Structures are given as C-alpha cells and as structure tokens.
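K.L.:
Residue strings, one per chain:
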Amino acid sequence: MPEKFDAIVVGAGVAGLAAAYKMSQAGLSVVVIERGDYPGAKNVMGGVLYRSMMEDLIPEFWKEAPLQRPVVEQRFWFMDIDSVVTTGYKSQDWAREPYNCFTVFRGQFDQWFARKCTEAGVVIVNETLVEECLVENDKVVGVRTNRPEGDIYANVVVLADGVNSLLAKQLGFHQEWQPQQVALAVMEELKLPSEVIEERFNLEPGMGTTIEIFGGGTLGLVGTAFIYTNKEHLSLGVGALLSQLRQAKIKPYDLLENLKKHPAVRPLIRNAEPVEYYAHLIPEGGYKAVPQLVGNGVVVVGDAAQLVNGIHREGSNLAMTSGRLAAEAIIRAHQMGEFDRRALSHYEETLRNSYVMADLKKYKDSSHLFEKNPKYFNEYLPAANMALHEMLTVDGTSKKDKQKRIMQRILGGNSLYSVGKDLYQAWKAMR
Amino acid sequence: MKENFTTKIRELKTEINIDDKLYLNRWKPDHQSHLEIIDPKVCEAKCSGKDCTIFCPARVYEWRDGRIAVGYEGCLECGACRIGCPHQNIRWRYPRGGYGVQFRLA
Ligand SMILES: Cc1cc2nc3c(=O)[nH]c(=O)nc-3n(C[C@H](O)[C@H](O)[C@H](O)COP(=O)(O)OP(=O)(O)OC[C@H]3O[C@@H](n4cnc5c(N)ncnc54)[C@H](O)[C@@H]3O)c2cc1C
Ligand code: SF4
Ligand code: SF4
Chain R
547 MPEKFDAIVV GAGVAGLAAA YKMSQAGLSV VVIERGDYPG AKNVMGGVLY RSMMEDLIPE
607 FWKEAPLQRP VVEQRFWFMD IDSVVTTGYK SQDWAREPYN CFTVFRGQFD QWFARKCTEA
667 GVVIVNETLV EECLVENDKV VGVRTNRPEG DIYANVVVLA DGVNSLLAKQ LGFHQEWQPQ
727 QVALAVMEEL KLPSEVIEER FNLEPGMGTT IEIFGGGTLG LVGTAFIYTN KEHLSLGVGA
787 LLSQLRQAKI KPYDLLENLK KHPAVRPLIR NAEPVEYYAH LIPEGGYKAV PQLVGNGVVV
847 VGDAAQLVNG IHREGSNLAM TSGRLAAEAI IRAHQMGEFD RRALSHYEET LRNSYVMADL
907 KKYKDSSHLF EKNPKYFNEY LPAANMALHE MLTVDGTSKK DKQKRIMQRI LGGNSLYSVG
967 KDLYQAWKAM R
Chain H
174 MKENFTTKIR ELKTEINIDD KLYLNRWKPD HQSHLEIIDP KVCEAKCSGK DCTIFCPARV
234 YEWRDGRIAV GYEGCLECGA CRIGCPHQNI RWRYPRGGYG VQFRLA
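Chains as they are written, first to last, in the numbering used here: chain R, 547 to 977; chain H, 174 to 279.
Which stretches of chain R does chain H cover? Using the computed rule of at least three CB atoms under 8 Å from a CB of chain H, they are:
#	region
1	586 to 592
2	643 to 655
3	671 to 678
4	687 to 694
5	713 to 727
6	731 to 743
7	818 to 829
In short, the hints are calculated from the structure, not lab data.
Only a predicted model underlies this, so the values are computations on that prediction, with no experimental measurement involved.
Built from N, CA and C at the ideal position, the CB exists for glycine as well.
Modelling step: build the complete structure from the supplied sequences, incorporating the hints.
P.N.:
So this is what it looks like as structure tokens:
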C-alpha cells in the first residue's frame, strides 16, 4: 500500500462510499478506512434507499445491488393509545423501473457498494479505527489509525464517519451535539415468510410498503416510529429526541415493546421472530446545526455534517449527494493542485445550491416547533382520532352533538385563537 | 380517567429482559472497555436522575453498590450516553477497529 493517497475517506457508509467511488472514477487514488468488520457492520437504517441519488453514481444499480423490496406504497399513521387514523399513497408507477425507492439492509448494501468501489480501484481497509486527523501547519495531511505504524497521508481527508463525528469535533468544526439535536432510535428485524408479509400488507409478490407512525409510537414524544417491509423481515423501530426521552425517563426498548402491542401493529407482526436488535442516533439538528463543512485539506459529508431531513426520513440520499459533491470539488482541487479551504469550498457552494441544503432550510423550524409545543403530538393527534371515532361510531347521538363534542375536545382548555395559531405555525414550518 | 400518553408513560413497565435482545446480535468482545466514567463522585453526589441507566438502549449502565457499573460488552455504540449524560461524565470512544457489535442486516 503506498503511503500517500490522493484522498482518504473515513467511514464506509453511503456518504463515504459515494465520495470514494466518484473520486476513483476520475482516476484519483483513494483509501477508505472503516472500523467495522465489513462495511455496513455498524450501520443502521430503517431501510428506505432512494433510487435517484444512487443512480447519480451507478446507473441502473437495482439490476445487481442486493435490495429488499421496491416501495410501492407509503402509509402514514396518526396514532392514539388504542386507535389510529390512517392515510397513504400507493402507485403502480413505483412498481416499475426505474422505481422510486427500495428497502435495503445496510449490512448487505454497503458491502456491495464497497465491492463496486474496489472494482473502480478504491482500497478498502476494514477493522481499522481512525483515532485522529494528522494536522501540520493548520492543514489536515492524513489520519492516525489504531494499527501499528498506522499513519496514512493524503492531500484531502473526507470525514464520512457518521453522526458521532468525533473527528470533526476534534478539529473544532462543531461542539458536541446537544441532546435535542439527535434522536435515539431503536429497531428490530422481525422474521416472517414473504407470502405472509405480502398478505398482511396487501402487496403483490416482491413489492414493499412503508408505514410512518406519528404520536402513539413515541407516546407523544417528538419522534416517529416505523414499519418497513423487507423480503422476509419487517423493520420495526421507534426514535425520539434524546432530550425528550431523557426528560420523560423512558427506556427506548419499552417504547418498542409498547408499540408491538398496539392493536394496529400486533396483527401485522404476529408470530414474527426477532432476529437482530439495533440502536443508533439520527442527526436532527437540521439546518442550524450543520457544522463547518470545509477546512484546509478536509471536508465533512453525510450524517457527520448533520445532513438529515427528519420530517421526510431522508438521510442516505443526502449522505450520497454530499459525498458525490465533495468528490467533485476534490477532483477539481486535484486538477488545480491546491487543497486549502478556499480550493475545496466548491463543495460547500454546490451543496448549498442543491436540494440538500434547500430542504434542510425549508424545515429548519419544524422539529424545534414540535419540541417547544407538545400539543401537536399530545393533543391534536389524539383529537383527530377522537373526531373520527365520534363520527364513525353509530350510537344514536346526533352528528351535530358529536361535532360539538369534537370541538370541545379539540379546544380543550385552549382558545380557538391559540389552536388556530398552532395550526398556522405548523403549516408555516412544514409548507 | 381515560388513558392518555402522559398516564401511559407513567405506567410503562419493562416487560422484557434486554439481554434476550442483545443475544440476537453478533459480537466481537474486546477485553478492554471503550467507556469510562470520568469521575464516579459526580455520579454519586451530583446526579440524582442517573439518566444513563434509563435511556441507554442496551442497559450498559447500572447503579450498583453506590457506583455506576459499566457493562461495556453489550454496548450498541450509539453514542447517546456521551451526549445525554447531564454532567458530561462519560469518556466515550469507539471500540478498537474490528471489535464490538457487528450487524448483519438493518
Ligand atoms: C433507525 C434509523 C432509520 C433510518 N431510516 C432511514 C431511511 O429509511 N431512509 C434514509 O434515507 N435514511 C434513514 N436513516 C438515516 C441514514 O441511516 C443515515 O442518514 C445514513 O446512514 C448516513 O450515512 P453516512 O455514510 O453519513 O453515515 P453512516 O452510515 O453512519 O456511516 C459512517 C461510517 O463511518 C464508520 N466510522 C465512524 N467513525 C470511524 C472512525 N473513527 N474510523 C473508521 N471508521 C469510522 C462507521 O463504522 C460507519 O461505517 C435512518 C437512520 C436510523 C438510525
Ligand atoms: S448520567 Fe452521567 S453523571 Fe449521571 S450517573 Fe450516569 S454517568 Fe454518572
Ligand atoms: S453508546 Fe449507546 S449503547 Fe453504548 S453505552 Fe452509550 S448509550 Fe448505551
């Protein structure tokens, strides 16, 4: 292995692999360093991978990548203690090439993606932890690994080390995340025969569904729960802001078990066998938490840069796009032969002009709003359940009286004005 | 009164043994801990909530005999305790390369 590379990528998640693949295609020498036994061994995702951003790198990848199911339907559940209001959208368009998105196992997908990188010339080193960036004259010149004689040098280091980005913190690019800037998620993989999954979720063979659950999955804490269909497994998870979990003194796995017992969930997972259990943080700080992205000889991509759109459970796609844009900036810097902050700032510019920063900006106030005002999850979602319950339960009460009851419930102790204001603010934060 | 989220949270009980979940995973245990309590006195004297014993998804931390016991072998490496300890009293590192939990699916 040569001592010096054009670029070192720390972390073989989708952000790092996207950057490595792109740089290698342009002829740069690239090494990826991953602490897990294999790429994906440390990575957790509910499982929805978006086709478009992956196709920016490998056209028609779905013909060979290990995928679980194309998602043809996305459902949304607004859950109360023992009831749920449901909605969703299903499209035949999504069941055909080129597809919209797929469920995947990152444990398998990342290994495949890493193989594609190797084929393109990237060197992948597993089971190796990067302990710090090597800095000389205010410039990052390489990394120190935990291996003997483990210093590696390069013109540029790409920090793709995920949400716990200790390396960017060491460089002073950001302070430690605050408990309200991360969600703690726990998840299980539940095994079921594929025909049973297709029957219970009303699916054609091979096709998949996602269910996003608001309200009851987190018992009103700011966060979401989800159920995604894989080939022979269901991914079932729940995540809430760490600040809220801590304050409510809830064990995250108690939320998970509680969700499994909900009358809307229980029949879907009956007789399913848990086969793996996960916990992971999700960056939720949004636009305002995005750290310094570029330094002399270094860039930050993916979760390490807080690039997650929590409202739409998009993270892997932002990670891939940021990895690709960083690679393009590095390729340009390589041609110029300069790698200081100014030369690499092209990355920041193109990222700001892309959907990544546009979307983060659009939702910059949303999770903050939900955290500040607990009524959305604690009062309005249950009120919606109650409203449908009243209108659909036929018990001899006139519809007019029922409407009166519903209005009383929605208003509770609140004035009509304050409810209106809350709804307006939610609309403003989400529009 | 009808149950709501707040009353439900209060009544939520732990009905599982977390070890049953952790047994599902594949581990390559290191012989040295990657987690360290910086000052045990802070846990004892300043931390009334002992929050790490509650929110840690692998129940790595337990309050035993007047101190926090750290069962680092079952750590899922999420990072929550580093951020969530109200006294920044946990020195958190990754396990050495190749050690710790190794996920197969997800
Ligand atoms: C429960 C859950 C559900 C989610 N659901 C979705 C979803 O449905 N769709 C979606 O798009 N996104 C989802 N996300 C978000 C998505 O998983 C992330 O945004 C995405 O994985 C980020 O990719 P990344 O490459 O930046 O980081 P990661 O995938 O976290 O990769 C970081 C890599 O760096 C390695 N590493 C870290 N530090 C070091 C070091 N010092 N030395 C060597 N290696 C190191 C790690 O081992 C890891 O392989 C979900 C997240 C969670 C937790
Ligand atoms: S939360 Fe922090 S200070 Fe409190 S007991 Fe745990 S480690 Fe100690
Ligand atoms: S990193 Fe996560 S699993 Fe490990 S001890 Fe901390 S909170 Fe528990």
